[in-house]
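J.: Here's the letter readout for the chains.
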Amino acid sequence: MPRPGFVLDVDRSTPPTMFWRGEGFSLEKLPPDRSRIIYPAEPLPALDDIDGAIRHALLNPIDSDPLPALLFPGMKLTIAFDDVSLPLPKMRRPDIRQRVIEAVLDLAAEAGVDDVHIIAALALHRRMHEFELRHAVGDRVYDAFAPRGLLYQHDAEDPDGLAFLGATPEGEEVEINKRAADSDLLVYVNINLVAMDGGWKSTATGLASYRSLRHHHNPTTMQASHSFMDQHRSELHKSNWRMGKIMRDHGPRVFQIETTLNTDTFPKNFEFLSKREWEWTARDRAGFLATKKSLDRTPVKLARKIFHSIEAPHQMTSIQCGEVEAVHKITTEHVYAQQLVEVQGQTDILTMGIPYISPYNVHSILNPILVMCMGLGYYFNMYRGKPLVRLGGVVIMTHPTLPDFHPVHHPSYIDFYEQVLSETTDPHVMSAKYEKSFAEDEWYKHLYRTSYAYHGVHPFYMWYWGSHGLQHVARTIIVGGNTKAVRRLGFTPASTMEDAFEIASDVVGRNATVTHLHTPPLMVADVK
Amino acid sequence: MRALQIDRKLARFAAAKITSLIAPGKGAAHGPLQCVEVRAPHTPVDDGNWHVLRPRLSGICGSDLSTIEGAASRYFEPIVSFPFIPGHEIVADCDDGRRVVVVPVLSCATRGIDPPCRQCQAGLINRCERIAFGHLSPGLQTGFCSDTGGGWGQQMVAHESQLVEIPTTMPDEQAVMIEPAACAIHAAAQVAVAGMSAAGVNDAGTVAIIGAGTFGLLTVAALQARRQDEGLALNLVVAARYPQQVGAARMLGADRVMPGAELARSVRRMTASMAIGDQLTGGAETVIDCVGSSDSLAQALQIVAPGGTVLMVGMPNTVSLNLTALWHREVAIRGCYAYQRADFDRAIDLVERFDLGRFVTETYPIAQFAEAIDHAANAGRRGAIKIAFDLREKN
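In order, the protein sequence lines correspond to chains G and V. Per this note's numbering, the very first residue in the first sequence carries number 2; after that it's consecutive. Per this note's numbering, the very first residue in the second sequence carries number 162; after that it's consecutive.
Honestly, the hints are just simulated from the structure, not real lab data. Note that the coordinates shown come from a computational prediction; the quantities given were computed from them, not determined experimentally. Glycine residues also receive a C-beta, built at the ideal position from the N, C-alpha and C atoms. Treat the hints with care, as some may be off.
Stated by the list, open to error - If we take Cβ atoms under 7 Å as the criterion, some of the chain G residues that face chain V in the derived model are:
#	residue
1	D12
2	D416
3	W444
Construct the complete structure from the given sequences, taking the supplied hints into account.
T.: Put into structure tokens, the structure is as follows:
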């Protein structure tokens with residue numbers, strides 16, 4: 002039986018705690034008697050018969066006819082699936098999307114459906130490389146569909162490839178992929194890694210255009226989402242759900258498939274990363290030391306390559322299909338069952354080790370903007386109830402924060418870093434002054450559509466993602482970060498964790514409480 | 162009198178060149194520049210048009226540094242005469258009681274050439290065709306001619322046509338910026354109108370300035386003055402390396418200031434250009450190169466728009482440059498040297514309007530020339546902009 006998440010009160014006998022630092026780690030001593038560490042739950046057991054569970058779910062959906070009943074000869078069937086941003090790290094083959102899509106295709110073939118398109122729902126993310134598509138859908142599906150142009154990637158800038166479905170009473174325009182909109186049935190295959198994934202966000206975001214996305218990917222919506230992981234208090238969620246109503250009334254019939262994964266995140270040789278330090282065996286300690294020492298000597302490019310080659314052993318814990326909202330309700334329960342950790346009260350200082358990866362730098366570089374997004378966008382928002390850190394508290398991250406950018410994946414990030422952040426870090430100011438020009442820049446559009454670049458507006462979205470955190474905390478400190486880059490983000494650099502606590506004491510006093518979010522693996526703090 | 166003098170001593174030029182390659186600015190101690198006692202220059206003809214001047218302040222220019230460090234082009238050899246006393250950014254007391262700045266170009270009028278050459282007749286003294294002829298020894302400017310002396314000596318001579326009286330209220334530190342400001346006004350005047358803006362005013366489009374030393378900054382001020390006086394519309398973007406340059410460029414009116422490495426990306430965004438490799442498909446209508454190196458020119462060609470113009474304000478030497486883009490995109494590279502007489506009147510206004518005297522960061526007596534040259538050669542990294550020699554009585 003896996004153990005649930007756990008909150009450890011730090012005392013003088015507590016061993017140093019592991020912090021991620023990008024493509025490396027460090028062990029840090031937290032102040033005794035006023036610190037606590039939140040450890041995630043151990044991975045839930047995977048389903049025994051995954052293919053059987055998939056087939057069962059397709060035949061026994063929630064609030065919907067079984068999938069075979071929705072399939073008929075001559076129909077237009079579109080299968081959309083989550084892109085390379087999920088899961089993290091990428092899962093060992095076969096990817097769950099492959100298993101689900103193959104099962105759906107088997108049923109479609111049995112029903113005589115021959116007009117099938119498969120679309121990577123990448124919204125404004127970069128296009129997936131062929132090897133990534135093959136990893137996600139499998140060689141069999143890729144070879145059968147891609148060469149005939151039937152497996153492709155959503156293009157949010159294709160004027161002929163978008164359909165306007167209408168607007169919500171709040172004026173939110175819903176514009177999605179035309180093929181999906183024109184289909185008799187849209188099957189959406191999700192991997193619900195965290196609670197905000199899935200539901201109407203899949204279609205209203207994954208298959209949408211900038212025209213549509215800007216209505217919820219903005220500072221106002223993000224700052225009003227408390228948090229992204231709490232549907233009832235997330236303005237982002239509410240906006241997507243309003244758009245979902247337009248989809249339901251004017252869009253295609255949607256057959257939602259949602260899957261959850263356990264948090265078995267790292268393979269055997271990196272097992273120590275998922276363990277609690279005081280339970281490290283001699284082998285774990287040796288593994289940590291050997292890995293750390295060799296990483297310290299490894300050029301950062303090689304280290305990135307090594308880490309991005311990690312394939313996670315995580316496996317499916319649930320699958321549910323059918324009507325979008327009903328499905329998502331159950332999915333969220335499964336995600337919470339794995340990830341929720343009950344925590345009593347807020348903290349003055351929240352510490353977090355930022356790892357090498359985020360949803361937006363798979364096979365790429367976690368550039369300074371993504372460091373901000375990971376810290377204040379993702380980790381800060383890993384709460385339900387109240388933020389882990391109190392209003393006016395301090396966030397301390399550890400990450401090298403090198404001013405390195407992937408020139409192919411993140412071209413507009415470079416300009417955002419140089420031209421926007423040099424002038425303002427205020428999400429509202431940059432939104433008003435610069436967002437439109439980045440979003441409509443023809444060069445970025447070209448690179449998004451034909452190369453492997455994130456959309457021109459994407460760095461703004463990453464910054465907005467952290468805007469609630471920015472608004473909430475009084476100071477953000479990055480330990481071990483490139484001084485210039487950290488300052489460009491508007492944060493405070495510190496050489497050591499001790500220095501960081503010293504700096505933080507200016508804001509929260511000398512006896513401030515400290516909470517360390519020991520993640521990954523993923524967790525959500527249920528703050529009481 | 163005491164003066165700093167450059168003699169034709171090839172070994173010293175070589176020593177300066179080698180030393181400067183290792184440590185910029187250090188060549189002065191071993192190079193051709195020496196502080197010496199010399200006979201004061203005398204007026205070349207006694208026609209009543211020549212005056213004796215006693216310099217008060219005299220700036221150190223990039224072209225002076227190139228000469229001192231043995232880095233100047235051999236092109237100049239026939240149009241200078243040794244030994245000469247450098248210094249062409251001069252504010253001086255004239256023998257008739259006026260306080261003046263000097264228009265250093267030694268054109269036909271100063272050389273007694275009559276009729277003057279076609280360029281001088283047209284008022285384009287900076288293009289004078291007779292700079293090595295007439296009753297003066299060769300010398301493109303005061304400060305490069307063995308007969309006239311220069312601003313780095315206690316006494317010099319100048320022709321009446323070279324003198325511009327300055328307001329009595331203007332401090333010397335402001336006045337010494339007038340000559341370089343006149344260069345900047347001349348450069349800014351070459352920026353062509355590319356069309357009409359949406360507001361119906363002349364629009365120069367995007368103008369990029371590479372380099373934010375004295376010339377770069379003064380060119381920003383001169384363009385800002387055109388914006389203010391003529392209503393000229395333009396997006397002015399400046400590549401600056403050092404913090405004081407960034408601050409000064411912004412203060413003078415640049416719309417965007419960034420490190421050189423960011424310039425191409427910034428121009429691309431400002432001009433809604435595409436890019437093919439490192440080459441922008443569009444770009445800035447005018448690029449003003451205030452550096453004059455192979456790298457700066459290559460960058461200028463990378464970011465200039467098809468049909469655009471690269472103005473070379475910084476003094477170049479032999480450069481290695483791929484001109485394919487220039488050919489393919491019908492780009493013009495145009496030299497931009499010195500000024501005309503009228504530019505000095507505008508320069509006085511520019512200096513006062515933008516308080517350009519504040520850019521004189523440090524002055525030295527000529528006896529401390531090695532230190533002064535070192536400071537000037539490393540002005541950027543030492544937080545300075547303009548270094549000058551102070552020849553006033555106390556020194």
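J.: Now look at each hint and say whether the structure bears it out.
T.: Okay, the hints, checked on the actual structure:
| no. | hint | result |
| --- | --- | --- |
| 1 | D12 | 47 Å, violated |
| 2 | D416 | 5 Å, holds |
| 3 | W444 | 5 Å, holds |
Consistency with the previously given hints fails for number 1 only.
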